[in-house]
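Protein sequence lines, in the order shown, are assigned to chains A and B. When the letters of the first sequence are read in order and numbered with this note's numbering, they come out as residues 213 to 606. When the letters of the second sequence are read in order and numbered with this note's numbering, they come out as residues 237 to 526.
Derived from the structure by calculation, the hints contain no laboratory data. Idealized CB from N, CA, C, for every residue including glycine. Careful, some of the hints might be misleading.
Simulated restraints on C-beta separations [claimed, not checked]:
id, chain 1, residue 1, chain 2, residue 2, range
1, B, Asp363, A, Arg417, 39 to 49 Å
2, A, Lys429, B, Gln377, 53 to 63 Å
3, A, Lys429, B, Trp358, 28 to 38 Å
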Amino acid sequence: MSNKKDIIFKIKNLSKLYGANKIPAFEMMKNGSEKSDVARKYGVTVAVNDVSFEVERGKIFVLIGLSGSGKSTVVRCLNLLQKPTSGDILFEGKSILKLNKKELMEFRRYKISMVFQSFGLMSHRDVLGNVAYGLEVRGEKKEICQTKAMDMIEMVGLKGWEHKRISELSGGMRQRVGIARALANNPDVLLMDEPFSALDPLVRRDMQFELLSIQKKLNKTVIFITHDINEAFKLGDLVGIMKDGKIIQIDTPEGMASNPADEYVENFINSADKGQIYSVKHIMQTPSCLIHSRDGVNYALKQMRDQGVSSAYVVDDNLRLVGILPLDNAVKVKAGELSFQDAITKDVLTTEEDVYISDLLSVAATAKYPIAVIDKENHLKGIVSKASVLSSLV
Amino acid sequence: MPDWFIEFPSEINLNIKDAIDKFIRYLLTNGETFFEGIKEVLKGFLNGIQGVISRIPWWLLILIVFILSWRTSRKLGKAILYSALLFFIGAMGLWPLMNTTLTIVIASVIISIMIGFPMGIWVSYSDRLDRMIRPVLDTMQTMPSFVYLIPVAMLLGLGNVPAVIATTTYALPPLIRLTSHGIRQVDNEVVEAAKAFGSTKWQTLVKVQIPQAMPTIMTGLNQTIMMAIAMVVTCSMIGTTGLGQEVLISINRLETGRGFSAGISIVIIAIIIDRLTQGIVKKGEAKIEQ
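Next up, chain A with everything else stripped away, as it sits in the complex:
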């Protein structure tokens, strides 16, 4: 990928202070004072302190931090629900801080939308009325509002619920409405402020999966806030970790996991379920015993004996996986009881490189042979042994 990254959002030195004496407090902050000292001296709360990052179009950028770390304030600055004290926010190269009232309204109506932690739904409207809200305020015709809203309702799987009251829906369904409402405007960027935190774990997993599939389908840029490291690593292309209003590290989940910037990040990651950080490609090995289908049984037996293994992976000339030749079958072929073709077991467990280890656990537990890692064209990329799956989790 040699072409330049398409940066949709560029946040430069963003700071947000609350309180009356912002200017002297800001100077003090700049000179490197601690957040708590500034609060004591001026009564000013520093919510966000000199935060810079970039978001690439079509990617999911996750901001993670404990409550009070300033992540929600950052995301509210991006659509100017909060006005930054200093710094700049560039959307497609233009500063959104310079927008006038009308331009800001247009920006919010067409470019960016938001999903809220406690859903922010309007309980006096039904599902359809909520989803159509953004279209309605920007003045779309009623029929267009209805059809677009219905499309979105269908996409989030709430078809048939469009005339229900919000109070009749479960938490997960309500957030589906929230997502549908945010998508109905067809924005470029979706801001999600801890959207799944209020949901129970099972529903949360479904929603994460749903979000990923929607994102793949629509290719939206998502800026996602969470305090759950598993969620961050599962969803994020890039993850920024915040503490006391600052971003400590921005990296890919793998990069952060293998190379934490400091102890704080490390502790955060240690609280994560490792199975959701590492995927198959991190633990797969090259198969020690690989034979071609034309090699014949004698060569296969020799290989197995040399490597000290009890099975061989059989591939064709293009390295496409054919199956596994177990040792006992190979012996039978040698004795003439089986043909070489019949001896190859075709039902081999397979997986792909990007699968998370946690998703492989149950498969690995029952596997008779190491799991074959293949790509979409069935090329054998490597193998994952039961032992390596289990050892990666400790």
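Chain A is already provided as a structure; the job is to place chain B on it using the hints.
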């Protein structure tokens, strides 16, 4: 021990009575055309309402009460009870007086809504204004209601028109208070959502804040109506006609029976209006509840 130690010293004599009297007299001499104007407008307004109410056939009003109470409570018993109670007022021969009282109540409530609702919205936007207006509203509500009658009677004379002013003054605070409170307590995320989707201030107010605050606003309206009914009776002291006058007459003549039948009629009106508006509030709350 000197006297002043126990008893409040009579030498300290701050006379605000004269100042207030002077102020009212000043208004009286200088604002005559203004008050005459208000009087004329209110008179027209009252006559209009009176005209409508007196043309409603008695059975139709009973029917309306029946249908409304059925629709808000879904209980046939209640609907029958309220209609019967209303019939009872007529049976006691108090229907025309009830109409007069209702006219003044309705006029006052309409004016209260016209002033209180926008004012409540305005107050909800500004913390400073809220702090300023809170003691004023408290004073308006705790001031003995008779006190309003004096300046109103002086400025506007006797009769039903000053009653509307006094009643409105007394009944206005809860509507302002609860409209403001209702709008302030709308879930912040819902308001943020409205803004995040590019709503104008007006759209946010009309499409989100007011509908979400509606049950609270209706509670305020309910209180305003109840206070208006109470005040209309007190207003009989400045020559307001209607059920209140009936009570006043019976006090002067010590006619217990007459006093009670008028009193009971007022109670019946209050109960019916209260339950009907409460029913609407409850329906609204069920709708809004998350």
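Given the range 39 to 49 Å, decide if the beta-carbon distance of Asp363 (chain B) to Arg417 (chain A) lies inside it.
-> holds (43 Å)
Could you tell me whether the CB distance from Lys429 (chain A) to Trp358 (chain B) stays inside 28 to 38 Å?
-> violated (46 Å)
Confirm or reject the claim that Lys429 (chain A) and Gln377 (chain B) have a C-beta distance inside 53 to 63 Å.
-> holds (58 Å)
The structure shown violates just one earlier hint, number 3.
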